[in-house]
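Engineer: Numbering (our numbering), first residue to last: 1 to 278.
Think of the hints as simulated: they come from the structure by calculation, not from any bench. Given the structure is predicted, the values throughout are model-derived calculations rather than measurements. Hints may contain errors.
Quick list of simulated restraints, FRET-style, between CB atoms [said to hold, decoys possible]:
(1) 272 / 56: 37 to 45 Å
(2) 223 / 88: 45 to 53 Å
(3) 53 / 141: 19 to 27 Å
(4) 170 / 256: 31 to 39 Å
(5) 77 / 252: 35 to 43 Å
Straight-line Cα separation of at most 20 Å, EDC-like style, residue types lysine to aspartate or glutamate; simulated pairs [claimed, not checked]:
(6) 113 / 208
(7) 44 / 202
(8) 166 / 228
Glycine is no exception: its CB is placed at the ideal position from the N, C-alpha and C atoms.
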Amino acid sequence: MEKEIPDQLAILGHPQRLAIFRLLMRRYPDRVPAGEIASTLGVKASTMSTYLSALTRERLVDQQRAGTSLLYSINMTTVQRLFGFLFSDCCRGRPDICMPFSTGTVPMMPDSKYNVLFICVGNSARSIFAESILRKTAGDRFNAFSAGTRPGSQLDPFAVQVLKDKGHDTSVLRSKDVSEFSGANAPHFDFVFTVCDQAANEECPAWEGQPVTGHWGMPDPVKATGNDAQKALAFQEAYGALKHRIDLFTALNLETLSRIVIQQSVDDIGRTNPEVLA
C-alpha cells in the first residue's frame, strides 16, 4: 500500500492519463474501445496505448479483449481503495473538511418530486424518449427533463411518431440545449443520466448539488439505415430498451435507500441489456 498509492497518484498526475481516467469514470460501468478513447481525446493511437498500459499496470483500469478490439473500463475496487486511503489517512476521516456532500446512509427525501435530467447529444430521440416515458409512467413522483449537448432544431420525426403511437403527449416536447439547465434559475436535479456514449464522453463540469448520475448508453436510432420500416424498428427498439431501464429505476424505493445503494442500483441498471419491448 505504501508504494502502490503514490504510484497511482503519480500516474493520475499526468494530464492526458487523468483525462482518460475521467472519461472512463463518466462512462462507468461501460467497457470502451481504445480507438474511441483516442478519437474522443484527440490522442494518437500509439500514445494512447502507452497511457492505457500505465493505467492498467497500476490496476486503475481493466483491459478486456473482444475479438480484435481492446476494451477498457474503470477498476472500481482499486479506485475505491485509493479514494478511501486519501479520505481516511490524509483527511483523517473528516467529512466536514474533505467531502463536499454526505455519502452516508441518509436516504433521499425531497420536499416534492425528484427532478431527473436525461442528456444526449442531439436531444432528438433517446433523451426525448426517456423524458416522455418517465413523465407518463411515474409523473406523480418525478419531474422529467431532457437536453442535448449539441441539440438540433427539431425532434426526429420517427421518434415523434413512436411517442404518438404509444400515447404520449408530444406537444410539450422540444429540442433543448443543456445550458438551459445549468443557470441560477434551473431546477435542482436529483438525478442526471446520459443516454448516449458521445454525450458521456464529453468533458462537462460537475452538476451543482451533486445529483446521482448514471450512464445508460445505447445505439442511436437516428443513425439507422435501410427503408422506413427498418428505421422505424430501430426507434421502437430504443424506446423499448429505455422503458425497461426506467421501469427498473422507478421500481426503486428511493425514500428508504441510502445514496450509495441508489448509485449502485443506477449503475446496475446501466449494465442491463434488456430485451426489446416494441
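Engineer: Evaluate each hint against the coordinates.
Structural biologist: Each hint tested on the structure:
no. : hint                  : verdict
1   : 272 / 56: 37 to 45 Å  : violated, 26 Å
2   : 223 / 88: 45 to 53 Å  : holds, 46 Å
3   : 53 / 141: 19 to 27 Å  : violated, 46 Å
4   : 170 / 256: 31 to 39 Å : holds, 35 Å
5   : 77 / 252: 35 to 43 Å  : violated, 24 Å
6   : 113 / 208             : holds, 18 Å
7   : 44 / 202              : holds, 18 Å
8   : 166 / 228             : holds, 18 Å
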